[in-house]
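Protein chains: 4
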Amino acid sequence: MNPDDTPRQIAIDKIRSSFARQSFMQTLGAELLEVGNGRVRIGFSRDERLLQQHGFLHAGVATAIVDSACGYAALSMAPVGSEVLTIEFKSNFLRPASGLTFEAIGEVIKSGKSVMVCEGKVFEVSPSPRLVATMSATMFVQAVSASHA
Amino acid sequence: MNPDDTPRQIAIDKIRSSFARQSFMQTLGAELLEVGNGRVRIGFSRDERLLQQHGFLHAGVATAIVDSACGYAALSMAPVGSEVLTIEFKSNFLRPASGLTFEAIGEVIKSGKSVMVCEGKVFEVSPSPRLVATMSATMFVQAVSASHA
Amino acid sequence: MNPDDTPRQIAIDKIRSSFARQSFMQTLGAELLEVGNGRVRIGFSRDERLLQQHGFLHAGVATAIVDSACGYAALSMAPVGSEVLTIEFKSNFLRPASGLTFEAIGEVIKSGKSVMVCEGKVFEVSPSPRLVATMSATMFVQAVSASHA
Amino acid sequence: MNPDDTPRQIAIDKIRSSFARQSFMQTLGAELLEVGNGRVRIGFSRDERLLQQHGFLHAGVATAIVDSACGYAALSMAPVGSEVLTIEFKSNFLRPASGLTFEAIGEVIKSGKSVMVCEGKVFEVSPSPRLVATMSATMFVQAVSASHA
Numbered sequence: 001m002n003p004d005d006t007p008r009q010i011a012i013d014k015i016r017s018s019f020a021r022q023s024f025m026q027t028l029g030a031e032l033l034e035v036g037n038g039r040v041r042i043g044f045s046r047d048e049r050l051l052q053q054h055g056f057l058h059a060g061v062a063t064a065i066v067d068s069a070c071g072y073a074a075l076s077m078a079p080v081g082s083e084v085l086t087i088e089f090k091s092n093f094l095r096p097a098s099g100l101t102f103e104a105i106g107e108v109i110k111s112g113k114s115v116m117v118c119e120g121k122v123f124e125v126s127p128s129p130r131l132v133a134t135m136s137a138t139m140f141v142q143a144v145s146a147s148h149a
Numbered sequence: 001m002n003p004d005d006t007p008r009q010i011a012i013d014k015i016r017s018s019f020a021r022q023s024f025m026q027t028l029g030a031e032l033l034e035v036g037n038g039r040v041r042i043g044f045s046r047d048e049r050l051l052q053q054h055g056f057l058h059a060g061v062a063t064a065i066v067d068s069a070c071g072y073a074a075l076s077m078a079p080v081g082s083e084v085l086t087i088e089f090k091s092n093f094l095r096p097a098s099g100l101t102f103e104a105i106g107e108v109i110k111s112g113k114s115v116m117v118c119e120g121k122v123f124e125v126s127p128s129p130r131l132v133a134t135m136s137a138t139m140f141v142q143a144v145s146a147s148h149a
Numbered sequence: 001m002n003p004d005d006t007p008r009q010i011a012i013d014k015i016r017s018s019f020a021r022q023s024f025m026q027t028l029g030a031e032l033l034e035v036g037n038g039r040v041r042i043g044f045s046r047d048e049r050l051l052q053q054h055g056f057l058h059a060g061v062a063t064a065i066v067d068s069a070c071g072y073a074a075l076s077m078a079p080v081g082s083e084v085l086t087i088e089f090k091s092n093f094l095r096p097a098s099g100l101t102f103e104a105i106g107e108v109i110k111s112g113k114s115v116m117v118c119e120g121k122v123f124e125v126s127p128s129p130r131l132v133a134t135m136s137a138t139m140f141v142q143a144v145s146a147s148h149a
Numbered sequence: 001m002n003p004d005d006t007p008r009q010i011a012i013d014k015i016r017s018s019f020a021r022q023s024f025m026q027t028l029g030a031e032l033l034e035v036g037n038g039r040v041r042i043g044f045s046r047d048e049r050l051l052q053q054h055g056f057l058h059a060g061v062a063t064a065i066v067d068s069a070c071g072y073a074a075l076s077m078a079p080v081g082s083e084v085l086t087i088e089f090k091s092n093f094l095r096p097a098s099g100l101t102f103e104a105i106g107e108v109i110k111s112g113k114s115v116m117v118c119e120g121k122v123f124e125v126s127p128s129p130r131l132v133a134t135m136s137a138t139m140f141v142q143a144v145s146a147s148h149a
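Chains as they are written, first to last, in this note's numbering: chain A, 1 to 149; chain B, 1 to 149; chain C, 1 to 149; chain D, 1 to 149.
It cannot be assumed that every hint is accurate.
Claimed, not checked - Between beta-carbon pairs, the in silico distance windows are: (1) A:T6 x B:R49: 31 to 37 Å; (2) D:P129 x A:V125: 32 to 38 Å; (3) D:S98 x B:P129: 40 to 46 Å; (4) D:H54 x A:R8: 36 to 42 Å; (5) C:L100 x D:K113: 31 to 37 Å.
Claimed, not checked - Stretches of chain B that chain A covers, calculated by requiring three or more beta carbons in the stretch to come under 8 Å of a beta carbon on chain A: (6) 15 to 24; (7) 44 to 54; (8) 90 to 98.
To be verified - If the Cβ cut is set under 8 Å, some of the chain D residues that face chain A in the computed set are: (9) N92; (10) V117; (11) T134; (12) S136; (13) T138.
Hints in this document: simulated from the structure, not taken from any laboratory.
Using N, Cα and C, we set each Cβ at its ideal position, and we do this for glycine too.
Please construct the entire structure, taking both the sequences and the accompanying hints into account.
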């Protein structure tokens, strides 16, 4: 048996493939760093194309990326053949994202058959490690062929 | 007296200038459609660079743009010389953003000296007019020279 | 055929009966005012037992009641034999609830098979009509016999 | 010097006194368990007067209490002579609150001059220790004599 055929590896491969299909993640320069069981990390950097009016990273960049981290964290725990849709999220922005490199972490805190609840955090990595934003998100899990919720 | 010098026109000019400095809004192809008193509309379109894994517009695109609409709606009611920072927002995603053109509307529902509460909506305009997402946001108003909240 | 046997009347009766079983609604003195299709109104009043430290109605009172209004609005649109559970809600508090009588209104803005999205508002009715709080809520719809989400 | 006169003890006394003035906390049977620096714990129990239609503790009970825990956590870090108002909160409900005793914990995750961001958790303590709800809240800090935000 090929170790790449375990359910765990299949889930990771599916998430990497899905992430690669998200053109917006490429536009944002986001990189999938780690896919754990119910936990996903994504890295990204300051870029001249992604700023708000004061020259900081736009809050929407961090939000989009940590939403993806939460969604893939949910997908990592969903049955094979499922898709995950974001129902809602709420984010608090603790300080301007003035740094150079960042990391978004999404984690499942409640895994249900149809609904998963996730928490996300966005950290500035350099020049000074610190928390810049939080997310609380609800994901809907559906079989690929099912109708939309 | 030049009609362009009214406080109202000064606020509109300030918002247009600020919007133009947001490189992320340009990256998203967002266009400032209307600046009212406590109400701002921004238009945007489906683009190959802005998609999620199923080919729909990424939820983060709509979120970033409706956050800007809410922030500028707050700025339109703030005293001259203020800046507006997003403290937090919460969005519900009602259906996949499968359309071609969209409009985000931000409105102030409570204007305070330090805190403004806004509600946002994202509509698909074509091919079928319908609501795709909501936002409830809190903005912090500060004098430009003041320390961060 | 008895007009009380229409699906519409059955839904209203079910909601009135469910509301009567919520002992917490009685503790709060809440009264079911109106059950529409996807819209529910509940009235309540200032009471010495329901205050916060400055003598205003506690924010938790308004929140609990508008959550019920949203939940029953969802139930009014759900198939017969369903139950509705609150997945999450977010509320903004626009001003202290200093009034004497209040009304909470919950409305469904997106009705899905498994998930409904609702918006709620809490108004002060007397002495001065005005909006005091908002709610954005997600409800899960399940058949009575189904396992929890 | 009396050790009861330290700023730390003054803050604790102020919070205990404020909590005692919240008649709604008494109506809910809530008990202030611990006041730390930026962290507050409140205990409560199932009661026949506090239930929803299926006989579980009403979500509004947990919400009101964890909001108070977050608010007092913020107050514990605010300058002497400040008051704290809830601007907004968002809660996810992970499972029905079917237990007998509960604990709500509020913690400050970002302390600013005017705005504090808090996270709350509600745990069932008996019969089975487990997380039942989360809260993400924003608090406004004002000097007692200042006008409302």
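Quick rundown of the hints versus the structure:
Range check, T6 of chain A to R49 of chain B: about 35 Å between beta-carbon atoms, so the 31 to 37 Å window is met. Taken as a hint, the range 32 to 38 Å holds for the pair P129 of chain D and V125 of chain A, whose Cβ atoms sit roughly 34 Å apart. Checked against the given bound of 40 to 46 Å, the beta carbons of S98 of chain D and P129 of chain B, roughly 44 Å apart, stay inside it. Between H54 of chain D and R8 of chain A the Cβ separation comes to about 37 Å, which falls inside the hinted range of 36 to 42 Å.
Between L100 of chain C and K113 of chain D the beta carbon distance is about 35 Å. The supplied range of 31 to 37 Å therefore holds. Coverage of the region 15 to 24 of chain B by chain A holds [criterion: at least 3 residues with CB-CB distance below 8 Å; count 6]. A stretch counts as covered by a chain when three or more of its residues have a beta carbon under 8 Å from one of that chain; for the region 44 to 54 of chain B and chain A the count is 7, and the coverage holds. For the region 90 to 98 of chain B, the stated coverage by chain A is satisfied: 6 residues place a CB nearer than 8 Å to a CB of that chain, which reaches the threshold of 3.
For N92 of chain D, the interface hint holds, since its Cβ comes within 8 Å of a Cβ in chain A; the closest pair sits about 5 Å apart. Taking 8 Å as the C-beta contact cut-off toward chain A, the hint placing V117 of chain D at the interface holds, the least distance being around 5 Å. Interface restraint check for T134 of chain D: the shortest CB-CB distance to chain A comes to about 6 Å, inside 8 Å, so the restraint holds. Interface hint at S136 of chain D: satisfied, since its Cβ lies 5 Å from the closest Cβ of chain A, which is below the 8 Å cut-off.
Hint on T138 of chain D holds. Least Cβ distance to chain A is approximately 7 Å, under the 8 Å limit.
Of the numbered hints stated above, none is contradicted by the structure.
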